[in-house]
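These protein sequence lines map, in sequence, to chains A and B. The first sequence runs 1 to 448 under the numbering used here. The second sequence runs 1001 to 1448 under the numbering used here.
Take these hints with a grain of salt, some might be off.
[Claimed, not checked] Sample of chain A residues facing chain B (criterion: CB under 7 Å; computed from the structure):
hint	residue
1	F262
2	M337
3	G382
[To be verified] Among chain A residues calculated to face chain B with C-beta under 10 Å, some are:
hint	residue
4	A22
5	Y77
6	I84
7	H294
8	D313
9	Y317
10	Q377
It is worth saying that the hints were derived from the structure and are not from the lab. All residues carry an ideal CB built from backbone N, CA and C; glycine is no exception.
Protein chains: 2
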Amino acid sequence: MNRQRKQMSLGAFLFSFGHHFAAWRHPLTDADGVIDLNFYKRNAQAAERGKMDMIFFADALSLPDKEDVAHDVSSVYPDASTVISALAGVTERIGLAATVSTTFNEPYNIARRFATLDHLTGGRTAWNVVTSTKNTEARNFGAEELPDHGDRYGRAHDFLHAVNSLWDSWEDGALVFDKESGQFADTARIHATQHNGLYFRVQGPLNIPRSPQGRPVIVEAGTSEAGQRLAAQTADVVFTACAELGQAQQFYAKLKAQLPAFDRQPDELKVMPGVMFFLGDTEEEARALEAEFHELIVPEASTSYLSRLLNYDLSAYPVDGPLPDIPVQGNSSRALMVIEKAKRDSLSIRELGLYFSVARGHLTVTGTAEQIADKLQEWFEGGACDGFNIMPPYLPGGLEQFVDRVIPLLQARGLFRTEYAGSTLRGHLGLSRPAGRYSLLEASGQST
Amino acid sequence: MNRQRKQMSLGAFLFSFGHHFAAWRHPLTDADGVIDLNFYKRNAQAAERGKMDMIFFADALSLPDKEDVAHDVSSVYPDASTVISALAGVTERIGLAATVSTTFNEPYNIARRFATLDHLTGGRTAWNVVTSTKNTEARNFGAEELPDHGDRYGRAHDFLHAVNSLWDSWEDGALVFDKESGQFADTARIHATQHNGLYFRVQGPLNIPRSPQGRPVIVEAGTSEAGQRLAAQTADVVFTACAELGQAQQFYAKLKAQLPAFDRQPDELKVMPGVMFFLGDTEEEARALEAEFHELIVPEASTSYLSRLLNYDLSAYPVDGPLPDIPVQGNSSRALMVIEKAKRDSLSIRELGLYFSVARGHLTVTGTAEQIADKLQEWFEGGACDGFNIMPPYLPGGLEQFVDRVIPLLQARGLFRTEYAGSTLRGHLGLSRPAGRYSLLEASGQST
C-alpha cells in the first residue's frame, strides 16, 4: 500500500432493511421483523471488519400517511440516536452517526445526548444535523405546519451554536478527580454558556465534562443554498446526493470554495456522497440482481413514496403522465431535485417513482466489484468527493459483499486503510480535535 | 425455595460512583473518570448475575452551580436514556430504567425513544417519569423559572397520556411483514392518536410498530400529593424515599388505597423504596466502613448539596446553627422533606447536610448481610413495600457485595427468584402486558 496516497472515507448508511425500496421482500434480506438489535449489530460489526469510518442512521419524526406502510417500510424509523447508543457496547473502533432534527428538539438535550455517547464510546460519535421537512412532523409537536425554510435554517444555525457552546463549557482540564485532596473539578475551567440567540436561550454549563472528541463530529446534508452556507461554516462532513460525476464535481468545488470565508481550510470538511450498488460476479449477474429487486416494488407504493418526497398527493394523476405543477416555494431540496429531474429528463410519474424510490437521487453502480471500485476511484480522484456513504441495497448481506469484495480492492489500490490508526471518529476522518473556545486561556493555564 | 411465597422486586440504582456522597474518593471505588461504558457494564452485569429486576438511572438537566462540582460529583449526570441504551447490547435479561423529565421534552420524542429501546431489548425498558425541579434547569431551556408545581404535574399528566396513545397507535397485529404478497402493514390497525390536551397536541401515529411490552414500564416517585395521584393513575412502579418503617407502611397503604378509584388492583403498582447499606462481616466492621466514607466528605460540599436540595443558598448561615426559614410554597417534595426533618429532629445545617448528602432520606442499614436481609424482609413482609431499589454506597464493589452476599440469603428464604422466569421487565415485576386501547377491536379481528 502506498502510504502517501490520499485516503478515502467510507461510511455505511444503514437504512431500513437496505436502501432498495423493496429490500424487505427479497430473500437475500435476512430479517423478519422491524427493530432487532442483532440485525443492527451484524451490520455494524461487518462495517467495522471493513475498517469503515462510521455507520450512519437517518431519522424522521412522523409516519406521514399510514397508507404509506401498506407496502413500504421506508417511513418506519426507529429512533436513530437510541440505535447508535445500543451499538456502542458491541463495537470497538467504528464511528456511530445518528440523525437528530433541530426543528423539534432542544439544544441542551441534544448536546448532553451526544456528549454522553462520545464519552461512552471513547470519541466515536457523530450527529447528522437536519431540519424537519414534513408538516406531519410539525403535527406531532403541536404545530399545524412547519416553520418556513429560512426559519428552519435560522433555528438550526442557532441550535448548533448553542450546542457547540455547551460542548466547550467544560475545558479539557476542568475534570481534576483528585481523590487525595477531594478536588473533583477545577471550577475556574467550567463556563456558563450564556447563549442568547434568536431562537434559544441556554444558560449552561453542561452537566458533564468535555467529551473525548471535544465536539462530536457534525454531519450535514448541505443540499440547498442555505444548507451549503451552514455546512461551510459548521459541518465536519457533508453527506450529499449526486447521481452524476459533473454535478458532484461542481457541488464539491462550490462547497469547498465557501470555507475560507469562515476561516476554514478545504480539508476541514469532508464531502461524502451516497452510493448505491448492485454487485455481481459479472455485470450481467449484477443487472439481473437489480432487476429482481425492481420487480418486487408494488407500483402504488413508489408513487406514494414520490408524493411523500414532494409533500404533494399524486394518487389522482395518471401514473404514465407527467408530473403536475407543484409549488416550489418552501419545498425541501430533495423535492426540488425531483421536480428538476422530471423536467430535465421528461419522466412520467411511474418512471420518476422508480428512479427516486430506488436510488433517491444517489449515484448507483451496477456491476462487478472491480467496476464499483473503479467508479469510486474515478469520483474520488476526479475531485468529486472525499469518500462515500455506502448504501447497500439489502442488509446485512449487501454490506458484507461490499466489505469482502470492494474494500479489499480499494485497499490494494492504496485508497483505503487496512487497519484503524486511531480510536476516534475524528481520527478516522483525518479531522483535528477542536481546541474549544477557551483554548487561549488554557494555553496560559496550568493544565491541558 | 418456597414457590408460594410472594417475591420481592429488586432494582439496582446506579448513581454516580455510588450513593455515598464521597464515594468517588474511596479506594474501594474502582473509577478514575466520569463516564466510562465499562464501569456501567460491570455494574449492569453484576445486577444481572444477581437476577435483579432492573438497573435504574437518575437524571437532571443542569449543573446548578459550578461551585458544586469543586468537591462533589453528585450533580454530574450523563444522559440516562443514552446510558441504558448503551447497556442494551451487553445485557440479556435485566430491565433498564432511565429518568427523563416531562418538563423539557416532547411526548413524540420520548415515546419513540423508549419504544425503540423496548424493541432493541426485547421488552426490558422502563421510563422513570419526573418533572424538573430546579430553576437552573429552566434556564437551559429558554425560561427564567420553572412552571409552578401544579403546572408541572398538569404537563406531566398530559405528557403521559400522549405517550401512551402513541405506544398504542399500532395494534399488535398491525405489522404483517408478508414478503410474498408485499403487504408490510395492516393499515386498519394503525391509528392516529389525535391527542389534544391542555399542554400537547400530537397527531400521531408513531412511526414504529408496538413494542414488546406494549407499553414500557412506567416508574414514578409519587412523593407529593399530586405525584401520588398521578402514580395511582399511571405508574407501574413507585420509587420512593422513606427512612422509617412506620412512614413507609403509611405511604404504602395510602398509595395502594388510591388505585381502585382508577379501576386498578393494588398489585398493578409496585412500591420500591430506596435502601442504602454498609455491609461488613460484623456490625462493627460495617460501622467502621461507614465512618471511613463519612470522613471523606468535604464539609462545604455537603452544605452546598443541601442548598441545592432546598433551592436556597445556605452558605451565609452558621453551619452549626439551625436551618433558616425557607419558603415552602412551590418547593420540591424532596425539599419539603428536608425542612420537615430539620424541624422534627432539631438538626443543625451541618447535621442535616450529612444526613441528606449521605442517605438522601432513604432507609439506611449498616450491618452484616444477615442484618440487611432481615431489614428488607421486615419491610417487605410488614406491608411497607413490594421490593427495593438498592443504593450501593460505592460501585461496582458495593453492588457486587449485595449480589454475592445479601441476595443469596433472600433466595434461601424464598423471597427472591433464583433464575429469571421471563424475558421482559413486566414479566420480572409480575405486571401484565397492557392490551392497548384498541384491544376490543383486536378481539374481533383476525390476528393478535
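Cross-check of the supplied hints:
1. F262: violated (27 Å)
2. M337: At about 23 Å, which exceeds the 7 Å cut-off, the nearest Cβ of chain B leaves the hint on M337(A) violated.
3. G382: violated (38 Å)
4. A22: holds (8 Å)
5. Y77: This interface hint holds because 5 Å falls under the 10 Å limit.
6. I84: holds (8 Å)
7. H294: violated (13 Å)
8. D313: violated (16 Å)
9. Y317: Violated - the Cβ of Y317(A) stays beyond 10 Å from chain B, reaching only about 22 Å at its closest.
10. Q377: Since the shortest Cβ distance to chain B is 35 Å, the answer is violated.
Comparing the model with each numbered hint stated earlier shows that hints 1, 2, 3, 7, 8, 9 and 10 do not hold.
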